[in-house]
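A.B. asks: Listed in order, the protein sequences are those of chains A and B. Numbers 1 to 363, taken from this note's numbering, label the letters of the first sequence in order. Numbers 364 to 726, taken from this note's numbering, label the letters of the second sequence in order.
There could be a bad hint or two in this list.
In silico lysine to aspartate or glutamate, EDC-like type, Cα no more than 20 angstroms apart, as pairs [claimed, not checked]: (1) A/LYS14 - B/GLU421; (2) A/LYS7 - A/ASP46; (3) A/LYS207 - B/GLU403.
No lab work stands behind these hints: they were computed from the structure.
2 protein chains.
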Amino acid sequence: MEEWTVKVEQSDNKKEKPDTEQLEFGRSFTDHMFVMDYSEPVGWHDARIVPYQPLTIEPSAMAFHYGQSVFEGMKAYHAQNGDIQLFRPDKNLARLNHSNDRLCIPPIDEEFVLKAIKQLVYMDKEWIPKAEGTSLYIRPFIISTEPYLGVAPSHHYKLIVILSPVGAYYKEGINPVKIAVENHYVRAVKGGTGEAKTGGNYASSLKAQEVVGKQGYSQVLWLDGVEKKYIEEVGSMNVFFKINGEVVTPALNGSILSGITRDSVIEMLKYWDIPVSERRISMEELYQAYLDGQLEEAFGTGTAAVISPIGELAWEGKKIHVNEGEIGNVAKRLYDTMSGIQYGKVEDPFGWIVKVKEAAPVK
Amino acid sequence: MEEWTVKVEQSDNKKEKPDTEQLEFGRSFTDHMFVMDYSEPVGWHDARIVPYQPLTIEPSAMAFHYGQSVFEGMKAYHAQNGDIQLFRPDKNLARLNHSNDRLCIPPIDEEFVLKAIKQLVYMDKEWIPKAEGTSLYIRPFIISTEPYLGVAPSHHYKLIVILSPVGAYYKEGINPVKIAVENHYVRAVKGGTGEAKTGGNYASSLKAQEVVGKQGYSQVLWLDGVEKKYIEEVGSMNVFFKINGEVVTPALNGSILSGITRDSVIEMLKYWDIPVSERRISMEELYQAYLDGQLEEAFGTGTAAVISPIGELAWEGKKIHVNEGEIGNVAKRLYDTMSGIQYGKVEDPFGWIVKVKEAAPVK
Ligand SMILES: Cc1ncc(COP(=O)(O)O)c(C=O)c1O
Ligand SMILES: Cc1ncc(COP(=O)(O)O)c(C=O)c1O
């Protein structure tokens, strides 16, 4: 891999940047993108940064038919001292390779791709919005491109990284959300692809989302696919509950995505000596804790929202109201510290921040 | 819909047709394809037959990220009297809409799309191979094309139909296959997307396929995702067993694809007064029947193979040998009759055949 370089083709047609106030998640994209191809027997090759542009792909490309694709999501932050910061990007690239393995996609060189991402972010750094809570969303994804209609792993892939400036998640302060517990549809099951960040998991979640959306809930809380008893995760967040002083989150059981925010929350709680456990937790147990007055906090964790307090949970006709619809103390402290670290306002004792500097181009 | 027409742009650069002897499934494509777009509030529009060509798609198109896509598979046969025949295509288009519903994709006008497919097949009719057992595979698929990174149903789609000439499935006579029963990985679970023909189901199947492939098995027999006890289906086939004179196939339970060959087999058996039942069947029961000498036949059913006899099943270290590795009488009769109907050699008492004729272009 040492001889790898990233070829750069500058865009000579720079786009107008959207107004920070009007930024919507995932709607506008920067001037460049990173692309790398895979084919056999060469492996990954032809790493390049090119002007952001449409792809030209055969209609028979496997990605359109058999869903062999994976992706990641992370952010670049404009720190208050002007630095450009990434948050644990090595974890995202390790997870990408984990997803690759499940989907029979050849592994990437994590270090090389991280370098390429840094180079791309640096090139498009003017696109990182500066206002509080805003960031540049980084979306690496891999698609199978072999023009073949057989159900088998592809022999050709494209890894692409695109960048999208995103506005503040909490424009009007942090308001707890209403979540519906899903009893009919299943997102993922042990032995399936729940642990991987692959399109199929999200495709299968749309229907439930649509149903609860009409009832005024913002997201679905998924239960295990086997017994529909145990709590798994929310749409695109892992979930935590504070019960009688202890913070509990479902253990990684093979069908839950191993969230990087989740992992960071657990480390942070341990650092603060707040009791935290990863274990199986049923809706029964949660409801009983609520009836007993012991359910103190509930919140989701994910790259988009960092921490998203849950104010109400609807389950089998019953309603659980958490902390009188206010964000809890632990959730607040987690949010402030985590986003403080991300924006360089709070010291990072964990070594989570990776700076993006004008480096020698990747070699 | 009455004003709909299919615009036609003829290819002026006709490709060379592959040698029938060398035909591989899903590798070569004909001169034209059908395309139709969806956007709101117009709905499906701009139906057109154009030269077969690569697609130009934004890297942020949802299909690459969140797997919101569905597909179908059927065949056009060159009948012995020269007619072009389709086999129950209305069923495929109804299933496409069923898949659409599960994946939150707007429904298509089944009748209109069937007419468009006929027109496309007729245009490229020189591509239908004539040798015994060969056919023209028809692949309709829908992809979400909105350039947006949010997890939500897309507002833009493309329906595309491509055609691929395919060789005979059984070149050297019908040889029963060896199948491994999968105990670890899960393809689909009740409440998930198993009933829909969507990429994610196939993506999630690759890993198990890879594992058993190395052990010399050609496909995986999936068990239910909840108890891993009950038989579901094979890779891209439904499955039937003849036990003590009765033909048994797993009932459609929400996680199994409702195969059109499966449905046709059931109708045909009923027509012949051969006992057939759709019910839950466990591997335990199957193994016991085998030990008792009552497992008389086992076979898969699907558009690709029609009927694929199973000669050996491996399950938890045990081996089940079926009918001394020979195709059984019922499987043979089903194969001969079904493919006889498809190629116009046998009368079709069911009304399954739909002819493709030079019709007035779709209006
Ligand atoms: C299904 C799912 N669960 C959890 C998460 C949270 O993961 P992370 O904290 O790495 O963003 C995400 C978002 O990435 C997700 O898509
Ligand atoms: C998962 C799965 N099961 C069963 C089948 C058989 O269905 P059909 O008989 O309609 O081809 C297929 C193929 O389409 C399939 O992909």
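A.B. asks: Are the hints correct? Go through all of them and say.
C.D. replies: A quick look at each hint next to the structure:
Annotation: proposed proximity of A/LYS14 to B/GLU421 holds, straight-line Cα distance about 17 angstroms (limit 20 angstroms). Between the alpha carbons of A/LYS7 and A/ASP46 the distance comes to roughly 8 angstroms, so the proposed pair stays at or under 20 angstroms and holds. Only pairs whose Cα atoms come within 20 angstroms are accepted, and A/LYS207 paired with B/GLU403 is accepted, the gap being roughly 19 angstroms.
Hint compliance for this structure: no hint is broken.
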